[in-house]
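Enquirer: So the chains spell out like this:
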Amino acid sequence: MQKFLREWLKIRNMHLFFPYVIGAICVLLFVIILIQRAIKCKKTGTPFINFKGYHFFRPNYDKVKLWGSLILFILYIITLPILHFAWTSVIFIFLFNVLFEMKPGKLFEFKSVLISAVIALASSWGVWYLFYQVFNITLP
Amino acid sequence: MLLNLGLALLGTAIGIIFGAIPGMTATMAVAVFLPMTYAFQLVPALYLLLGLYVGGISGGLIPAILINVPGTPSSVCTGFDGYPMARRGESERALKIGITASFFGGIISLIVLALLTPPLAKMAIKFSAIEKFLIILFAMTVIAALSKGSMTKGVFSGFLGVLLSLVGELSMNNRMRMVPDFLRNELRSGFQLLPLLIGLFAIAQMFQEAEKGMQSNNLDEGVTVEGAKKFSFSDFKGQWVNVIRSSLFGTFMGILPGVGGSAASLIAYSQAKSFSKHPELMGKGAPEGLIASESSNNGLTGGALVPLLSLGIPGDATTAVLIGAFLLQGIQVGPLFISQNPDIWNQILWALLACNILMFVVMFFPIKLISQVVKVRSARMYPVILLMCIVGAYATRSGVMFDVWCLLIFGIVGFVMNKIGLPTAPFLIGFILGGDLEKYFIEAVKGNNYDLAVFFQRPIALVIWALIAIFLGYSIYDNMKGGALEKMGVKD
Numbered sequence: 001m002q003k004f005l006r007e008w009l010k011i012r013n014m015h016l017f018f019p020y021v022i023g024a025i026c027v028l029l030f031v032i033i034l035i036q037r038a039i040k041c042k043k044t045g046t047p048f049i050n051f052k053g054y055h056f057f058r059p060n061y062d063k064v065k066l067w068g069s070l071i072l073f074i075l076y077i078i079t080l081p082i083l084h085f086a087w088t089s090v091i092f093i094f095l096f097n098v099l100f101e102m103k104p105g106k107l108f109e110f111k112s113v114l115i116s117a118v119i120a121l122a123s124s125w126g127v128w129y130l131f132y133q134v135f136n137i138t139l140p
Numbered sequence: 001m002l003l004n005l006g007l008a009l010l011g012t013a014i015g016i017i018f019g020a021i022p023g024m025t026a027t028m029a030v031a032v033f034l035p036m037t038y039a040f041q042l043v044p045a046l047y048l049l050l051g052l053y054v055g056g057i058s059g060g061l062i063p064a065i066l067i068n069v070p071g072t073p074s075s076v077c078t079g080f081d082g083y084p085m086a087r088r089g090e091s092e093r094a095l096k097i098g099i100t101a102s103f104f105g106g107i108i109s110l111i112v113l114a115l116l117t118p119p120l121a122k123m124a125i126k127f128s129a130i131e132k133f134l135i136i137l138f139a140m141t142v143i144a145a146l147s148k149g150s151m152t153k154g155v156f157s158g159f160l161g162v163l164l165s166l167v168g169e170l171s172m173n174n175r176m177r178m179v180p181d182f183l184r185n186e187l188r189s190g191f192q193l194l195p196l197l198i199g200l201f202a203i204a205q206m207f208q209e210a211e212k213g214m215q216s217n218n219l220d221e222g223v224t225v226e227g228a229k230k231f232s233f234s235d236f237k238g239q240w241v242n243v244i245r246s247s248l249f250g251t252f253m254g255i256l257p258g259v260g261g262s263a264a265s266l267i268a269y270s271q272a273k274s275f276s277k278h279p280e281l282m283g284k285g286a287p288e289g290l291i292a293s294e295s296s297n298n299g300l301t302g303g304a305l306v307p308l309l310s311l312g313i314p315g316d317a318t319t320a321v322l323i324g325a326f327l328l329q330g331i332q333v334g335p336l337f338i339s340q341n342p343d344i345w346n347q348i349l350w351a352l353l354a355c356n357i358l359m360f361v362v363m364f365f366p367i368k369l370i371s372q373v374v375k376v377r378s379a380r381m382y383p384v385i386l387l388m389c390i391v392g393a394y395a396t397r398s399g400v401m402f403d404v405w406c407l408l409i410f411g412i413v414g415f416v417m418n419k420i421g422l423p424t425a426p427f428l429i430g431f432i433l434g435g436d437l438e439k440y441f442i443e444a445v446k447g448n449n450y451d452l453a454v455f456f457q458r459p460i461a462l463v464i465w466a467l468i469a470i471f472l473g474y475s476i477y478d479n480m481k482g483g484a485l486e487k488m489g490v491k492d
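Those protein sequences? They're chains A and B, same order as listed.
Using the numbering used here, the letters of the first sequence map in sequence onto residues 1 to 140.
Using the numbering used here, the letters of the second sequence map in sequence onto residues 1 to 492.
Read the hints as simulated data drawn from the structure, not as lab findings.
Be careful, since some hints might not be right.
Stated by the list, open to error - Cross-link-like lysine-lysine pairs, in silico, PhoX-like; alpha carbons within 25 Å at most:
1. LYS212/B x LYS63/A
2. LYS446/B x LYS43/A
3. LYS10/A x LYS439/B
4. LYS52/A x LYS375/B
5. LYS63/A x LYS419/B
6. LYS212/B x LYS375/B
7. LYS419/B x LYS42/A
8. LYS439/B x LYS103/A
9. LYS52/A x LYS419/B
10. LYS375/B x LYS103/A
11. LYS10/A x LYS446/B
12. LYS375/B x LYS3/A
13. LYS446/B x LYS106/A
14. LYS3/A x LYS439/B
15. LYS375/B x LYS111/A
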């Protein structure tokens with residue numbers, strides 16, 4: 001063991017030793033989790049892999065809000081370096097507000113859209129002013 | 001001083017709002033506001049962050065009592081008796097009992113923090129790399145042992161965090177590992193803590209709420225904040241043993257790394273029930289249940305700081321986030337922290353005291369106003385939180401867009417981990433401690449002629465091995481029995 005460690009902890013190899021060890025522990029633990037599941041399935045008589053009735057997402061989840069928020073987030077990050085931080089944020093914070101306030105069967109409500117616009121303008125410029133002007137923190 | 005108190009007040013008030021909105025937690029509050037501390041010195045930053053922590057834990061009692069939905073996981077037992085009290089027209093009394101119990105819990109845990117941390121740190125100064133490595137191993141064992149559901153999943157999650165922390169360049173030989181060629185510049189110093197923790201605790205939560213449809217909360221019919229029966233401090237008559245016992249339980253649970261507030265609350269509640277003269281009334285609106293839950297979860301705040309400030313090991317997810325504040329200022333938490341930074345240590349104690357007093361003042365007197373927070377729509381809050389998260393991630397390294405992408409990636413990772421039942425707290429703690437685990441192992445082995453037997457020779461090392469064995473034994477026994485905490489409904 002001493003010989004093995006001496007070889008692996010030489011300056012040229014040292015950076016690889018721990019990733020291999022921790023990686024091996026992770027694989028081992030993953031196998032144990034699978035074995036535990038197999039034992040549990042055998043005891044309860046349920047199949048090891050059972051796609052029937054399996055839901056990754058909760059039943060009747062809000063597809064529009066979940067996937068919409070993911071897409072908006074990606075677009076927000078892509079747009080940030082192109083436009084000014086505050087203007088990009090005004091657009092996307094407004095869209096996030098509209099998305100999260102959306103009700104089934106009633107897509108747009110004037111009052112709600114107006115509140116969304118006010119929140120988007122106030123929060124985006126407020127955060128820009130506080131962090132960029134007052135705190136001198138780098139913004140996109 | 002005025003700035004510090006102002007920030008503590010701001011932090012406490014915002015923390016209460018985060019705590020009072022179901023789905024938002026104290027951890028999220030601290031994570032989201034961490035970037036704001038770039039602009040401050042460490043002490044004012046700590047006043048703000050500790051305010052968020054204390055406020056966030058305390059605010060959870062409001063929805064637990066008024067709508068029977070715990071605002072934070074640590075208020076899981078508050079609604080057991082608080083909500084029945086609200087239903088029978090004692091909302092104001094229940095809220096004020098909860099706030100007062102929270103205050104006492106916070107103060108008792110502060111006393112324990114002040115008394116226990118310096119001697120523990122003094123002892124830890126004598127630790128060599130061997131003991132430091134074993135202490136981290138012990139912390140990871142405790143996290144795993146007390147993980148909800150499955151010990152193996154807890155350990156797995158912790159080691160995944162360690163593996164992720166190894167990405168990037170090893171400073172001992174300046175060689176890169178686990179980095180694709182096209183990301184060599186971005187990942188030279190590995191994944192950054194701030195995007196990782198904001199992603200795990202804020203963005204993942206936003207996706208979860210979006211999946212649920214961003215539901216809003218309304219008071220049930222018949223529940224109003226005003227009530228016929230008013231609060232009086234005599235409500236605490238005969239409850240002081242309960243207050244002290246529950247606060248100490250909370251503090252002790254906080255000291256154990258990775259144990260969340262819901263475990264503290266559940267254990268204190270079950271103890272209060274077993275010591276109660278009228279256990280049959282518990283769960284039907286008995287103030288003693290409410291007192292047990294609230295004094296224990298606030299007891300957690302000081303307790304979780306004990307291992308952080310004495311050993312450099314975070315006691316819970318929120319204190320893991322607090323490490324970020326110290327790192328941003330280039331200050332290392334650990335055994336030398338108190339002796340090298342006595343002023344900051346004293347300020348932490350004053351800050352915690354100030355935040356608990358402010359929490360009491362802000363919540364107790366304008367309780368009718370504060371209770372309206374429960375009606376704040378999370379749909380309106382999340383976009384603003386997202387904005388803060390983006391700023392925080394981008395500012396981590398003064399303008400690296402890759403960190404903003406990491407924010408999104410770790411948000412998705414956190415969402416998926418919650419879905420498949422992998423706890424995120426061990427993952428975060430593993431990520432924070434991973435670098436030190438590697439460093440101390442290499443130091444210990446190289447300094448002792450590459451002999452692994454060195455980990456079993458020193459007396460302190462043997463004591464730590466014994467503790468590891470005890471916790472492993474307990475967790476295996478607990479898993480075989482089906483998980484005591486799981487049965488009790490621990491959710492964090």
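Enquirer: Against this structure, judge whether each hint is valid.
Expert: Right, here's what the structure says about each hint:
Distance hint between LYS212/B and LYS63/A is fulfilled; the C-alpha atoms sit about 9 Å from each other, no more than 25 Å. Annotation: proposed proximity of LYS446/B to LYS43/A is violated, straight-line Cα distance about 47 Å (limit 25 Å). Proximity of LYS10/A to LYS439/B is assessed by CA-CA distance (about 14 Å); at most 25 Å being required, the pair is judged to hold. For the suggested pair LYS52/A and LYS375/B, the alpha carbons sit about 39 Å apart, so the restraint of at most 25 Å is broken.
Distance restraint check for LYS63/A and LYS419/B: the Cα-Cα separation of roughly 16 Å lies within the 25 Å cut-off, and the hinted pair is therefore satisfied. Of the supplied pair hints, the one linking LYS212/B and LYS375/B holds, its CA atoms being roughly 17 Å apart against a limit of 25 Å. Of the pairs offered as hints, the one joining LYS419/B and LYS42/A holds, with about 23 Å between alpha carbons and a cut-off of 25 Å not exceeded. For the hint linking LYS439/B to LYS103/A, the alpha-carbon distance of about 53 Å lies beyond 25 Å, and the restraint is violated.
For a cut-off of 25 Å, the pair hint linking LYS52/A to LYS419/B stands: about 17 Å separates their Cα positions. With a C-alpha separation of about 18 Å, the suggested pair LYS375/B and LYS103/A falls inside the 25 Å cut-off, and the hint holds. Taking the CA atoms of LYS10/A and LYS446/B, the gap is about 9 Å. The hint holds against a cut of 25 Å. For the hint linking LYS375/B to LYS3/A, the alpha-carbon distance of about 65 Å lies beyond 25 Å, and the restraint is violated.
Of the pairs offered as hints, the one joining LYS446/B and LYS106/A is violated, with about 68 Å between alpha carbons and a cut-off of 25 Å exceeded. At roughly 20 Å between alpha-carbon atoms, LYS3/A and LYS439/B fall within 25 Å of each other, so this suggested pair holds. Simply put, LYS375/B and LYS111/A have alpha-carbon atoms about 18 Å apart, close enough for the 25 Å limit, and the pair holds.
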